[in-house]
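K.L.:
Listed below are the residues making up each chain.
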Amino acid sequence: MWLFICTEILLFGGLFLLYSMYRYKHPQAFHAASLELNRFDGTLNTAILISSSLTVALAIHFLRQDRRRQAMGFLALTLLAGAAFLVVKGFEWAEKFRHGLFPNSLVLLARDKGQILYFGLYFMMTGLHALHVLIGLGVLSAVLILINRSRVTAGRPVLLENSGLYWHLVDIIWIFLFPLFYLIT
Amino acid sequence: MNAPYEAGPHEGSAPYYARRGGLPGILGWVTSTDHKRIAILYLTVILAFFFAAVVLGILMRIELQSPGPTIMQPQVYNQLFTLHGIIQIFLVVIPGVPTILGNFFIPILIGSQDVAFPRLNLTTWYLFLAGAALAFVSVFTGKGPADTGWTFYVPFSLRTVVNVPLATFAVFVLGMSSILTGINIVTTVHQLRAPGMGFFRLPLSVWGFYSTAWVQILATPIIGITMVLIIMERLFGIGVFDPAKGGDPLLYQHLFWIYSHPAVYIMILPAMGVISDLFPVFSRKNIFGYKMVAFSSLAIASVGSLVWGHHMFVSGQSDLAGIIFSLLTFLVAIPSAIKVFNWVSTMYKGSISIEPPFLYALSFVFLFAIGGLTGLFLGALSTDVQVHDTYFVVGHFHYIIFGGMGFGFFAALHYWFPKMTGRMYNKRFAVVAWLILFAGFNLFYFPMLILGWQGMPRRYFDFLPRFASLQFFTSIGAYIMVTGLALMFFNLWRGLRRGPKAPDNPWGGATLEWQIPSPAPAENFERIPTITQGPYHFDKTEKK
Amino acid sequence: MKGKANHGGAGPRTYLLVWAGLLALTAATVTVASLQIGRAAVGVALAIAAVKSTLVLLYFMHLRWEKRLLIKLAIPITLVTLAIFIGLTYTDVLRR
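Those sequence lines, one after another, are chains A, B and C.
Take the first sequence: its letters are residues 1 to 185, numbered as in the numbering used here.
Take the second sequence: its letters are residues 1 to 544, numbered as in the numbering used here.
Take the third sequence: its letters are residues 1 to 96, numbered as in the numbering used here.
Rather than coming from a laboratory, the hints here were simulated on the basis of the structure.
A couple of the hints might just be wrong.
Stated by the list, open to error - Partial list, derived from the structure: chain B residues whose beta carbon lies under 10 Å from chain A:
#	residue
1	L180
2	I225
3	D242
Built from N, CA and C at the ideal position, the CB exists for glycine as well.
Build the full structure now, drawing on both the sequences and the hints.
P.N.:
The following block contains the structure:
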């Protein structure tokens, strides 16, 4: 799973490469555009994901101690947090769409090139990240069911541990996306 | 290895291809997690794709035999070379050696019963098929196959009406397969080596596979995201590569080549690894400079991942970038040269036996040397301006990829054939086929170097009359080469069906695969051996 | 991965401390963003993000107690690779 995580880092890495080139070329436009993002939503989502990392780590901890109920409880909390993240994200995107801001929209195309690039990257990167959150939720739900059926246990925790690693990766990617999109000065 | 590990008959020693409970017939194969069966699964489909791509190539050569349209229109020609490239690169050469020979032999060479993740292994084959199916669909549906070249350069790939999204998605799926294979190989080599098999007692072929696997893991994700970006651009107009929206087409080229250059090292490193196993065996002498050869594989993998800009010397990148990439390109030639030197030095004062595998190995060195040297012309900024996007490049990469990886693969096939099939092919026929193949190859691709130098551009459907005679000559070379190819495969096929039973160790090799029966049994080792020496000590082994 | 992954000494208390640290660092990065420090802002933001990620890697993902060398090196190797990709691309973009 660690090696797979490396590949995911590089997958997003390609997008970070594009981001760094374009931010270098259009610093003012990136700054102006980032002011239109909702910092509160971004900060809230950061806190949500960080907390979900805590809960999944606790879930693993309790599973290893064979305290199934607590493990499943914390895993469920993780799922809740992940879902909340997606809901907030959904509202953010809807807000942007309402203002006519989406790739190839007339509103966006009327703006400065740097801003077009900023929003293009914004949707691409947060979109890809959200997809990974969704996949993570799917995987964690499956593991929750398997714990319930005693297929994942204190003696065979690998599936939960690997899923946890994946989830932490999703958190780490957001830890970088947050300042790079929401906190540009 | 140690005083030979005698396998002998044991439970589970029936050949890996024999029926053994479970599902019957072909179902038993496509659901098997045995690394040897998966290798054969890969072999069958990859060979099929290879033949298809060769046919496309021949069609192109017929077209190019004379100026003007010969058998097709320009648009079709563009689609042919695109498809030929996509099939050869993504469906044959990148996966080829790791998934066929790596899958079959890595566990055996390191003294293990299977790879680290057998079920994942089978999954990679299904992903591979899925990618191939998507590519197939892209050819026969909608407005037809991509005509962009296998490189999908923007802006054309964003605007052409043909099936670019399907083709790029196929590449994405194939990339996933490659990544998972790489993960499997790295884990296998780290976790499953037999007791006593330190890293520096590994056969050099394993070093080749190992270095390659790292490139598969670290580089492939970049092509993944790049293909996704093409699809997103076409579907949603994101704008990252579109100058009208502030995008930079050159960044596409950066992203594309950040993977696609290391990809060619994915192609060549395993082949070089196998060649490193062959030279000691057919010289009956330890490899010259084991550690240097091992480290050179790592060096090629790492430095080779830093040279991608040499594909973009004339695309408009900065002079500084050009200089840096040119320098790095020259640097990566050094570990390759080290390998060539060490192979040749292995032969010195050795006891040479010219068997078919070794013929291919020797011709590999020759062809790879030509390919590599022509690469230096391309790597030097000033000469590249002259030959970029000409037939010189086409000649160069066919020498390196086909002459290199291709002949290396054929060498490995002839070497490991008895272990994989339990039979031996007709050696004399093999030599004749090799001769025709080798002669045809050079008649085919050497003129390209001249054509390119004289200015004939690549990917052109038509050409000026002054190029006509060399183009004709090239096509003749192609037909001769394909004849040799056909004879070679025919011979192997005949050996498979009716060849004499092969001994366990026909070449007198000292690596672990020669200490188990031919064909390989279902269970590699009755007992995991303990290793006490390096892989190329020939005092005690004998051909049997 | 199979095998000898070890479950070193992290308990709920450690996790909670790390969590608190992460939230504090988040608050810090938001605060810094509202100060006017010009060009250094990117560097500071990335540095804080790096510290946060390191905490997640070491504690939540257990790298602190990981024994296998391959695993300990995997992320650093990946990051160096990515840095080189971005760096070499900059030699083009910076000077065009």
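K.L.:
If a hint holds in the structure, say so; if it doesn't, say that too.
P.N.:
Hint by hint, here is what the structure shows:
1. L180: holds, 8 Å
2. I225: Since chain A brings a Cβ to about 4 Å from I225/B, closer than 10 Å, the hint holds.
3. D242: holds, 9 Å
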